[in-house]
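Participant: The lines below spell out each chain.
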Amino acid sequence: MFDLDLWKEILSALKKNRLRSFMTAFGVFWGIFMLIVMSGAGRALENGVMDGLKAFATNSAFFWTEPTSKPYEGFQRGRRWNYKNKDIEYIRENVKDIQYLSPKLFGPETNSGDNTIRGKKTGAFNITGDYPDFYKIDPWTPIKGRLINEIDILHKRKVCIIGERVAEVMFEKEEDPIGEYLKINGVYFQVVGVVHPETRMNFNGNRKTESIMIPFSTMQQTYNMGDVVHFFAVTSVAGVPVSQVEARLKELLKARHHVAPDDVQAVGSFNIEVEWVKYQGLFSGIQILTWIVGIGTLLAGVIGVSNIMLVIIKERTQEIGIQRAIGATPGNVIMHIVAESVFLTVIAGYIGLSLGIGLLELANMALTSGTANPDDVFFKRPEVSFQMAVGALSVLVVSGVIAGLIPARRAVSIKPIDALRDEGI
Amino acid sequence: MISLSNVHKSYAMGSSKLHVLKGIDLHIGQGEFVSIMGSSGSGKSTLLNILGILDNYDEGAYHLNGKLIKNMSEKQAAQLRNEMLGFVFQSFNLISFKNAMENVALPLYYQGVNRKKRNKIALEYLDKMGLLPWANHLPSEMSGGQKQRVAIARSLISKPKIIFADEPTGALDSATSFEVMDILQDINKEGITLIIVTHEHDIAAMTQKIIRLHDGKIAEILENGELKDWKHQYKRELEIA
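Chain order of the listed sequences is A and B. In terms of our numbering, the first sequence is residues 1 to 425. In terms of our numbering, the second sequence is residues 1 to 241.
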């Protein structure tokens with residue numbers, strides 16, 4: 001129902017006190033603006049960080065070796081040791097809760113000058129020996145060609161897949177790397193894939209796009225590594241926390257390699273699940289904080305509206321008295337005041353909402369049009385959900401009603417005769 | 001039409017009580033034109049407010065049109081005022097940001113009459129008051145007499161049975177006062193009961209019945225026939241004073 005008189009009165013009442021109406025509305029505007037901008041920024045940080053993680057298997061753990069810290073079974077402390085090929089079979093047979101097990105080798109002389117040569121082009125890249133299962137834990141997408149497969153492992157093929165950056169450095173733009181050869185640490189490998197990393201998780205510090213991956217078995221044989229394994233990546237089956245697998249595996253590995261069971265240093269490990277939970281806690285914390293601060297600011301604005309409505313009613317006591325003398329019911333009066341308050345709150349809130357979202361859109365445009373590599377940006381897609389916007393608007397309407405009801409009840413509690421007498425003469 | 005029996009009213013003034021009306025018995029019939037007089041503090045405004053259901057009373061009984069008016073909810077009172085009663089005030093009490101037509105139409109707004117219809121009716125009433133050319137003027141652009149005529153039009157628009165006027169000429173000069181009184185007399189001739197509060201004897205003399213209040217009680221009631229005598233007596237009082 002559109003009541004022209006009601007709106008005329010509301011508008012004229014607000015117009016009479018432009019500055020005051022503006023200042024009041026500004027409180028609400030600022031509250032909702034801050035809520036939206038803060039929430040959007042929090043979300044952007046979350047998107048930025050989580051995008052680099054989310055493709056990663058969150059139920060994964062990683063193991064490497066460190067020098068022992070305790071003497072055990074005749075060995076001195078400080079002994080350097082390695083996992084062996086036999087451990088792979090043993091783990092597969094004895095730990096049931098493992099979904100994927102992927103051993104990994106780090107190539108010789110990594111980072112010690114250029115290790116990759118093709119004609120006149122040279123480069124220093126991370127060389128790793130991998131199993132196909134590794135791509136189930138840390139996903140890579142082939143842009144061209146394929147990933148490493150089981151047949152590569154079986155036949156110890158001299159093939160490699162290269163990161164995007166490697167393709168840029170080692171090949172001309174118009175060249176197709178597939179089928180070409182790279183000399184890696186003195187041995188030729190045929191390129192069978194150009195790949196793009198889906199996550200930002202990294203094990204040896206350099207940029208992931210500068211990786212060259214060759215079959216695990218090929219690396220062991222070609223570079224005379226014997227039966228050494230540098231690294232295990234493991235995921236647990238669904239429903240089993242990876243921490244459980246992690247503990248069991250450490251126990252087994254220590255027992256097989258003459259490491260003291262209470263040596264906490266010898267088996268290095270990293271559990272993504274734990275980190276993931278930490279991150280999620282952090283971001284829900286940020287969102288909660290945003291709401292607390294936002295609602296607090298909003299509340300201050302709403303109290304401002306309520307305060308102003310009290311003043312307006314004080315000023316218009318006589319007018320309300322007249323209206324009641326000529327037949328306005330208390331319901332009419334309350335309706336009028338509440339409508340005025342809701343109007344002020346919602347208009348101000350809506351402007352705040354629009355400007356807040358507008359600012360986030362601008363920030364988004366600036367971020368996406370920027371020249372920076374999108375994979376390096378930790379601040380992505382600042383946004384607020386539709387639910388959030390609807391939620392904020394409902395909070396506004398409700399708070400507008402409350403802000404109006406308090407002064408309205410006061411206005412009605414004054415008897416019409418007292419209101420009429422309040423003539424200020 | 002109006003029947004009061006033994007009505008008492010007191011106001012709490014801090015810790016003490018101010019007993020304003022001390023047992024009023026009064027009957028006013030339909031179509032009467034009555035003025036209430038009395039010195040300030042005699043309770044005349046209080047009486048008018050109780051009659052107009054703007055205020056409640058402590059003791060006694062007030063029957064309006066045969067209906068007992070007591071302990072009414074604000075909503076009932078507002079509806080009754082809207083249907084039965086019209087008010088004219090000393091300070092006009094027009095709403096400053098509404099023009100003459102909108103002010104007159106306001107009681108119909110509370111009755112739920114649509115905008116077009118109520119504005120049309122308002123224009124008719126303004127025409128009766130000779131204010132049609134002023135329909136779109138704000139109260140601040142009109143003279144006192146004009147404002148009071150707008151207020152009278154507003155009190156008439158809901159076709160009330162009774163109109164209450166609290167010092168309707170109090171803020172007007174004597175020439176305008178008489179104009180306003182002429183209008184009120186015309187209204188009375190149409191059968192509407194009129195009750196005015198005034199402290200001006202010549203205004204009171206233009207009504208049919210004068211109720212003189214003294215110290216919260218009715219001191220005397222002068223009927224139409226006695227008015228000439230009363231005027232005479234009043235002049236003598238003036239001379240003595």
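If you're looking for bench data, these hints aren't it; they were derived computationally from the structure. Nothing here was measured: the structure is a model prediction, and the numbers come from that model. Hints are supplied without guarantee of correctness; some may be wrong.
Calculated pairs, DSS-like style, for lysine-lysine (alpha carbon to alpha carbon, straight line, at most 30 Å) [said to hold, decoys possible]:
id	chain 1	residue 1	chain 2	residue 2
1	A	LYS415	B	LYS98
2	A	LYS314	A	LYS415
3	B	LYS159	B	LYS17
4	A	LYS8	B	LYS98
5	B	LYS209	B	LYS161
6	A	LYS15	B	LYS189
7	B	LYS17	A	LYS314
8	B	LYS217	B	LYS161
9	B	LYS17	B	LYS217
10	A	LYS15	B	LYS98
11	B	LYS70	A	LYS16
12	A	LYS8	B	LYS67
13	A	LYS158	A	LYS136
14	B	LYS217	A	LYS16
15	A	LYS84	A	LYS70
16	B	LYS70	A	LYS8
17	A	LYS136	A	LYS278
18	A	LYS104	A	LYS8
19	B	LYS161	B	LYS17
20	B	LYS98	A	LYS314
21	A	LYS415	B	LYS189
22	B	LYS70	A	LYS415
23	A	LYS15	B	LYS117
24	B	LYS70	B	LYS98
25	B	LYS70	A	LYS314
26	B	LYS217	B	LYS70
27	B	LYS98	B	LYS67
28	B	LYS161	A	LYS415
29	B	LYS120	B	LYS75
Participant: Hint by hint, say whether it matches the structure.
Facilitator: Hint-by-hint comparison with the structure:
Our distance criterion of 30 Å between C-alpha atoms is met by LYS415 of chain A and LYS98 of chain B, whose separation comes to about 23 Å. The hinted pair formed by LYS314 of chain A and LYS415 of chain A meets the criterion: a straight-line CA distance of about 13 Å does not exceed 30 Å. Between LYS159 of chain B and LYS17 of chain B the CA atoms are separated by roughly 38 Å; this puts the pair beyond 30 Å, and the hint is violated. A distance of roughly 9 Å separates the Cα atoms of LYS8 of chain A and LYS98 of chain B; the hinted pair therefore holds under the 30 Å criterion.
At most 30 Å may separate the alpha-carbon atoms for a hinted pair to count; LYS209 of chain B and LYS161 of chain B meet this at roughly 18 Å. Of the supplied pair hints, the one linking LYS15 of chain A and LYS189 of chain B is violated, its CA atoms being roughly 44 Å apart against a limit of 30 Å. The straight-line distance between the Cα atoms of LYS17 of chain B and LYS314 of chain A is roughly 27 Å, inside the 30 Å bound, and the hint therefore holds. Distance check on the hinted pair: LYS217 of chain B and LYS161 of chain B sit about 26 Å apart at the alpha-carbon level, within 30 Å; holds.
For the suggested pair LYS17 of chain B and LYS217 of chain B, the alpha carbons sit about 17 Å apart, so the restraint of at most 30 Å is met. For a cut-off of 30 Å, the pair hint linking LYS15 of chain A to LYS98 of chain B stands: about 14 Å separates their Cα positions. Our distance criterion of 30 Å between C-alpha atoms is broken by LYS70 of chain B and LYS16 of chain A, whose separation comes to about 39 Å. With a CA separation close to 37 Å, the supplied pair LYS8 of chain A and LYS67 of chain B exceeds the 30 Å bound.
The hinted pair formed by LYS158 of chain A and LYS136 of chain A meets the criterion: a straight-line CA distance of about 22 Å does not exceed 30 Å. Proposed proximity of LYS217 of chain B and LYS16 of chain A is contradicted: the alpha carbons are some 46 Å apart, above 30 Å. A threshold of 30 Å between alpha carbons decides the hint, and for LYS84 of chain A with LYS70 of chain A the separation of about 21 Å falls inside it, so the pair holds. Restraint check for LYS70 of chain B and LYS8 of chain A: not satisfied, since their Cα atoms lie roughly 36 Å apart, outside the 30 Å limit.
Under the criterion of a C-alpha separation no larger than 30 Å, the hint pairing LYS136 of chain A with LYS278 of chain A is consistent with the structure, at around 23 Å. Distance hint between LYS104 of chain A and LYS8 of chain A is unfulfilled; the C-alpha atoms sit about 76 Å from each other, more than 30 Å. Using a Cα cut-off of 30 Å, the hinted pair LYS161 of chain B and LYS17 of chain B is violated, with the two alpha carbons roughly 34 Å apart. This hinted pair checks out: LYS98 of chain B and LYS314 of chain A have alpha carbons roughly 19 Å apart, not beyond 30 Å.
The suggested pairing of LYS415 of chain A with LYS189 of chain B is violated, with an alpha-carbon distance near 33 Å, which exceeds 30 Å. Pair hint LYS70 of chain B plus LYS415 of chain A holds up; C-alpha atoms about 15 Å apart against a cutoff of 30 Å. With a C-alpha separation of about 28 Å, the suggested pairing of LYS15 of chain A with LYS117 of chain B holds against the 30 Å cut-off. For a cut-off of 30 Å, the pair hint linking LYS70 of chain B to LYS98 of chain B is broken: about 34 Å separates their Cα positions.
Taken as a hint, the LYS70 of chain B and LYS314 of chain A pair is honoured in the structure, with Cα atoms around 29 Å apart against an allowance of 30 Å. Distance hint between LYS217 of chain B and LYS70 of chain B is fulfilled; the C-alpha atoms sit about 21 Å from each other, no more than 30 Å. Note on LYS98 of chain B and LYS67 of chain B: the hinted pairing is violated, with a Cα-Cα distance of about 35 Å set against a maximum of 30 Å. Taking the CA atoms of LYS161 of chain B and LYS415 of chain A, the gap is near 23 Å; set against the 30 Å cutoff, the hint holds.
Taking the CA atoms of LYS120 of chain B and LYS75 of chain B, the gap is near 27 Å; set against the 30 Å cutoff, the hint holds.
Violated hints for the displayed structure, listed by number in ascending order: 3, 6, 11, 12, 14, 16, 18, 19, 21, 24, 27.
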